[in-house]
Amino acid sequence: MTPPVIELSDVTKSYPGGVKALASVSLRIERGELTAIVGPSGSGKSTMLNIIGTLDRPSSGSVRIDGYDVSELSDSRLSALRGTRIGFIFQSFHLAAKVPALDNVAEGLLYSGLSRGERRRRAAVALERVGLGHRLDHDPHELSGGERQRVAIARAVAGDPPLLLADEPTGALDSVSGAGVMELLRDLNTSGTTIVIITHDREIAAGLPRQVRMRDGRIVSDSVTDVTEVATRRNAEFGVA
Amino acid sequence: MAAIDTLDRPRLVPARMRPDDVLRVGAVGLRTRPLRAFLSALGIAIGIAAMISVVGISSSSGAELDRQLSSLGTNLLTVTSGQTLLGEPAKMPVEAEAMIERIDPVEAVSAVGQIEAAKVYRSENIPKAQTSGIFTYAARPDLLPTVGATLRSGTWLNEATQNFPAVVLGAGAAQRLGVSTAGPDSQVVVGGIRFTVVGILDPVPLAVELDSAAMVGWPAAEARLDFDGYPTTLYTRSDEAQLEAVRSVLAGTANPEAANEVDVSRPSDALAAKQATSQAFAGLLLGVGGVALLVGGVGVANTMVISVLERRPEIGLRRSLGATRGQIRTQFLAESLLLSALGGIGGILLGTGVTTAYAFSLGYPAVIPAWATIGGLLATLAIGAVAGLYPAIRASRLSPTEALSTR
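From first to last, the protein sequence lines are chains U and L. Start counting the first sequence at 91; every next residue gets the next number (this note's numbering). Start counting the second sequence at 387; every next residue gets the next number (this note's numbering).
Next up, chain U with everything else stripped away, as it sits in the complex (with noise of 0.2 Å):
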């Protein structure tokens, strides 16, 4: 029996002063759902991935992640946690600049204990998956926006982590290069990563096949839309039959 990915129970986050980014969330995501969590700013959305990704813990509430408890954790157990089980995709890249795009995606499988060579090749695997096998020694500032975000989703996926989490991926972009972007991570979806994606847009977030939408810290709603549907609708507006 494998567990959720992800299992908040109860989660409250509350900074000093009083401010309560999160109230008493509770949310279940299963292996290899694909997932929005929508909501103006200052929803709560921004925490809630912090929380996921295990940057930041909870003032009460459990967090279990790929099935370990997050409190029970250390420190370095859960940098282990996240070097091993989860890939993050930032809206503005964090790119290494004047460093060509194979070692920026390797970097990411620096904390791994593989040696150089293996990174590299892995790293170029993982280019090659995002449709970047042409670019390798190119730098962050030879290439476009869309590209650069390819370069640090194969770093976030070089590892072959069970969870992506994109904050807002497309937020730096235009919308034809964030139309590819987003095309990449649902074909990364397809291969069975689970991936949770944070937006404001709403537009994204329709075209995902669960919406969790939030406001002041609470879950307002929780959809899920018939993904064949959504397919439908998607190829339509392609102008694919």
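The hints are simulated quantities; they were obtained by calculation from the structure and are not laboratory data. Any given hint might turn out to be false.
Among the chain U residues that face chain L by a calculated CB cut under 10 Å, a handful are [as the list claims (entries may be wrong)]:
no. : residue
1   : Ser114
2   : Phe178
3   : Leu204
4   : Arg245
Which bits of chain U does chain L cover? Going by a derived footprint, with three or more residues having C-beta under 8 Å, they are [said to hold, decoys possible]:
no. : region
5   : 132-145
6   : 157-163
7   : 183-194
So the derived label-pair ranges between C-beta atoms look like this [unchecked claim]:
no. : chain 1 : residue 1 : chain 2 : residue 2 : range
8   : L       : Asp394    : U       : Ser265    : 27 to 33 Å
9   : L       : Val674    : U       : Gly132    : 58 to 64 Å
10  : L       : Tyr776    : U       : Pro130    : 27 to 33 Å
Everything numeric in this text was worked out from a predicted model, so none of it was measured. By construction, the Cβ of each residue, glycine as well, lies at the ideal position given by its N, Cα and C atoms.
Could you slot chain L onto chain U? The hints should help.
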């Protein structure tokens, strides 16, 4: 659901980083900001270079002294007539030389006798008051090998020339008189009589009094300059092993009636004492170099604090990629150590260069003790560790979310 527990899952253990990865990740900051790295390493380099060159120059002069002493010999003892109990200049007996020669371990004896009345002038036209501080000595022909003196120009007094108005000038005396070469054309006035300069000496390290001397033959002095024939300084070479024994009997042998009226000294001791003085001064300079090194260390600490501040997003990213706090700390500590090690190596090269150039320009052997090089490198590593520790700990304590939200 209760059946699923963290305990049932495989244990999470963060992987250890390989040493080459630690080095590579530590070098990231240096590669991306080379000018800043260069400047803060330069601070360390200047400190280390100052210390290495102080030690190097002092060791090189020490090695030069050893070389000098081993070629000059440390077995020279001089006997000088001192003062009587009443404070008047004492006189050694005329037989002093012969008596000292009878001491068994004594290998060679020579003597000079000062002629107070005979002043030295460049020509007869120089006013009498301008004596230039040159003393006239009657000298034995075997003086030259006994004190280890060498000739810069001309010849030394021999059995023939010691009877004639011939003079050999010390290096300083020749300079003051403006005589550059010896020969029949170079003449000076000694005690009112023209003497031909037959030779000029190099500086004599073990008998510095000869540098400002004009030396004439013993018979010539007696015949032409009213020399009384009493030796004023005796130079002896003895068996090195019995030097102390010789030293203890030397005064009594030279002047049996008034042993207290002669002074016995070992000129090589004075050279070594001079060296000890300059080493004490080098110790002071070493302290100044240490302060420079400390300032360099503060520069590295400053660079590291700024580096951590600027690279908060990178720290956040690395934490999200699975870096533990310890690995972040190690990264910045490695960066600080690399920075100071670069400075240290640069400083050692610079200090070695300065020492070599200095020694070469003076013709000394260039000596840089291994302890200085190794000590310098260890000092830089210690400074790098101290300078990097606080910024590294701060970097590691940064919460990942805070680090990532920095723009």
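Numbers of the earlier hints that this structure fails to satisfy, in rising order: 1, 8, 10
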